[in-house]
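Peer 1: Sequence:
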Amino acid sequence: MNPLALVLIAALAPTGASGPPAEAADPREAPVRAAAPAPRLVTLRVTAPPPGFNPRYTKYVSARGFPVLGTARANDYALLEAAYLINQMLEPRPDLRQALTDSGCRLAVMATDEFTTDVPEHSDLTPKAYYDRRARGLGATRARPAVSCGEENLLGLPSDPYHEESILVHEFAHAVHAMGLNVADKDFDARLRATFERAVADGLWKGKYAGKNRDEYWAEVVQSYFDTNRRPDHDHNHVRTRGDLEKYDPRAFALVDEVFRGSKWRYVRPTDRTEPGHLAGFDPKTVKPFRWPPEPKDAPKK
Numbered sequence: 001m002n003p004l005a006l007v008l009i010a011a012l013a014p015t016g017a018s019g020p021p022a023e024a025a026d027p028r029e030a031p032v033r034a035a036a037p038a039p040r041l042v043t044l045r046v047t048a049p050p051p052g053f054n055p056r057y058t059k060y061v062s063a064r065g066f067p068v069l070g071t072a073r074a075n076d077y078a079l080l081e082a083a084y085l086i087n088q089m090l091e092p093r094p095d096l097r098q099a100l101t102d103s104g105c106r107l108a109v110m111a112t113d114e115f116t117t118d119v120p121e122h123s124d125l126t127p128k129a130y131y132d133r134r135a136r137g138l139g140a141t142r143a144r145p146a147v148s149c150g151e152e153n154l155l156g157l158p159s160d161p162y163h164e165e166s167i168l169v170h171e172f173a174h175a176v177h178a179m180g181l182n183v184a185d186k187d188f189d190a191r192l193r194a195t196f197e198r199a200v201a202d203g204l205w206k207g208k209y210a211g212k213n214r215d216e217y218w219a220e221v222v223q224s225y226f227d228t229n230r231r232p233d234h235d236h237n238h239v240r241t242r243g244d245l246e247k248y249d250p251r252a253f254a255l256v257d258e259v260f261r262g263s264k265w266r267y268v269r270p271t272d273r274t275e276p277g278h279l280a281g282f283d284p285k286t287v288k289p290f291r292w293p294p295e296p297k298d299a300p301k302k
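In terms of my numbering, the sequence shown opens at residue 1 and continues consecutively.
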């Protein structure tokens, strides 16, 4: 497959950071600058994957060394968006990026007509119908080192069932915890546990998804820190943004702010951005709408 160079963006690399040749700056293309201190202009390109990945993956973008993968069915722009979000989240923490990459972690983009068990690393999950109908993204583990996310959420398509939040931010936060911080900061998990237990003891997050366990607590508060949590519902309270988090659970805010070094970046849905950047030229009409798979005929009656 011929490399497809789509757009030049500001990737916010720290001084001295290096990436593969596919990300070298190209002065022939007009840059779109992100609002960030001293950005380094790099190109995100969709290419064929390097050796070592499952052959079902035919598309690859390097997020400054961290692999973003997709099959032939995945939209190129979805891979670019995933790499962009990963670069934004990890901009202050090159050590976490390195730990994640060294651990074999990667991100798999699901096309709108692909489901969880279509992801090579998740293909052994059973029962298949349960996983394919319950989630549009999973975090990474040592046994299954892929973070997954549906392209409808990445691209902000009208058919996205989770349009109020970034699934990538949530699921990638799990990977940052399990395969990044647990390597780069050996004391982190103990501090997270203590912060979670204190929050529960204080009656915070009662009956909500963030109160389920420390893993989901972390992913949920990271979502709020980056301004991408959903409106109040059965699983969520009013905490949607960084400001909400700081007021409601200041200890969680302090922990996340420490990890991401006071990052100024906040998530904005593609449809709400003032500059298209790496999504310039994307036409939502070219992507099939997402639909959940039908319930199996032999599914147990409720």
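Do not rely on the hints blindly, as some may be mistaken.
Each computed DSS-like pair below joins lysine-lysine, with the alpha-carbon atoms no more than 30 Å apart [stated by the list, open to error]:
{"no.": "1", "residue 1": "Lys288", "residue 2": "Lys264"}
{"no.": "2", "residue 1": "Lys208", "residue 2": "Lys128"}
{"no.": "3", "residue 1": "Lys288", "residue 2": "Lys247"}
{"no.": "4", "residue 1": "Lys212", "residue 2": "Lys186"}
{"no.": "5", "residue 1": "Lys208", "residue 2": "Lys186"}
{"no.": "6", "residue 1": "Lys285", "residue 2": "Lys208"}
{"no.": "7", "residue 1": "Lys264", "residue 2": "Lys128"}
{"no.": "8", "residue 1": "Lys208", "residue 2": "Lys247"}
Computed Cβ-Cβ distance ranges for the label pairs, DEER-style [said to hold, decoys possible]:
{"no.": "9", "residue 1": "Trp292", "residue 2": "Asn182", "range": "17 to 23 Å"}
{"no.": "10", "residue 1": "His163", "residue 2": "Glu197", "range": "15 to 21 Å"}
{"no.": "11", "residue 1": "Arg134", "residue 2": "Gly281", "range": "46 to 52 Å"}
{"no.": "12", "residue 1": "Ala48", "residue 2": "Trp292", "range": "28 to 34 Å"}
{"no.": "13", "residue 1": "Arg193", "residue 2": "Arg291", "range": "19 to 25 Å"}
{"no.": "14", "residue 1": "Asn182", "residue 2": "Pro284", "range": "18 to 24 Å"}
{"no.": "15", "residue 1": "Tyr130", "residue 2": "Ser159", "range": "38 to 44 Å"}
{"no.": "16", "residue 1": "Gly262", "residue 2": "Glu197", "range": "36 to 42 Å"}
{"no.": "17", "residue 1": "Gly203", "residue 2": "Arg230", "range": "17 to 23 Å"}
{"no.": "18", "residue 1": "Asp124", "residue 2": "Pro276", "range": "25 to 31 Å"}
{"no.": "19", "residue 1": "Arg193", "residue 2": "Asp124", "range": "14 to 20 Å"}
{"no.": "20", "residue 1": "Thr286", "residue 2": "Arg266", "range": "26 to 32 Å"}
If you are wondering where the hints come from, they were derived from the structure by calculation, not from laboratory data. Even glycine gets a Cβ: it sits at the ideal position worked out from N, Cα and C.
Peer 1: Each of the hints needs a verdict: does it hold here or not?
Peer 2: Hints versus structure:
A C-alpha spacing of about 34 Å is found between lysine 288 and lysine 264, which places the hinted pair above 30 Å, so the restraint is violated. For the given pair, lysine 208 sits about 27 Å from lysine 128 by alpha-carbon distance, which is consistent with the 30 Å threshold. Distance restraint check for lysine 288 and lysine 247: the Cα-Cα separation of roughly 41 Å exceeds the 30 Å cut-off, and the hinted pair is therefore not satisfied. Of the pairs offered as hints, the one joining lysine 212 and lysine 186 holds, with about 23 Å between alpha carbons and a cut-off of 30 Å not exceeded.
A hinted pair counts as satisfied when its Cα atoms are at most 30 Å apart, and lysine 208 with lysine 186 qualifies at roughly 28 Å. Distance restraint check for lysine 285 and lysine 208: the Cα-Cα separation of roughly 36 Å exceeds the 30 Å cut-off, and the hinted pair is therefore not satisfied. A hinted pair counts as satisfied when its Cα atoms are at most 30 Å apart, and lysine 264 with lysine 128 does not qualify at roughly 40 Å. Of the pairs offered as hints, the one joining lysine 208 and lysine 247 holds, with about 17 Å between alpha carbons and a cut-off of 30 Å not exceeded.
For the pair tryptophan 292 and asparagine 182, the beta carbons lie near 33 Å from each other, so the given range of 17 to 23 Å is not met. Checked against the hint of 15 to 21 Å, the C-beta distance between histidine 163 and glutamate 197 comes to roughly 33 Å, which is inconsistent with it. The hinted window of 46 to 52 Å between arginine 134 and glycine 281 is violated, with their beta carbons roughly 34 Å apart. Taking 28 to 34 Å as the suggested C-beta distance range, the pair alanine 48 and tryptophan 292 conforms, at roughly 31 Å.
Under the hint 19 to 25 Å, the C-beta atoms of arginine 193 and arginine 291, about 39 Å apart, miss the expected range. About 38 Å separates the C-beta atoms of asparagine 182 and proline 284, a value inconsistent with the hinted range of 18 to 24 Å. As the Cβ distance of tyrosine 130 to serine 159 is approximately 22 Å, the hint placing it in 38 to 44 Å is violated. Roughly 25 Å separates the CB atoms of glycine 262 and glutamate 197, a value that falls outside the hinted 36 to 42 Å.
For the hinted restraint 17 to 23 Å between glycine 203 and arginine 230, the CB-CB distance of approximately 22 Å keeps it satisfied. Look at aspartate 124 against proline 276: about 38 Å separates their beta carbons, and that is not inside 25 to 31 Å. Checking the proposed 14 to 20 Å range against arginine 193 and aspartate 124 shows it is violated: the Cβ atoms sit about 30 Å from each other. Between threonine 286 and arginine 266, the C-beta spacing of about 28 Å keeps the proposed range 26 to 32 Å intact.
Of the numbered hints given earlier, the model fails hints 1, 3, 6, 7, 9, 10, 11, 13, 14, 15, 16, 18, 19; all others are met.
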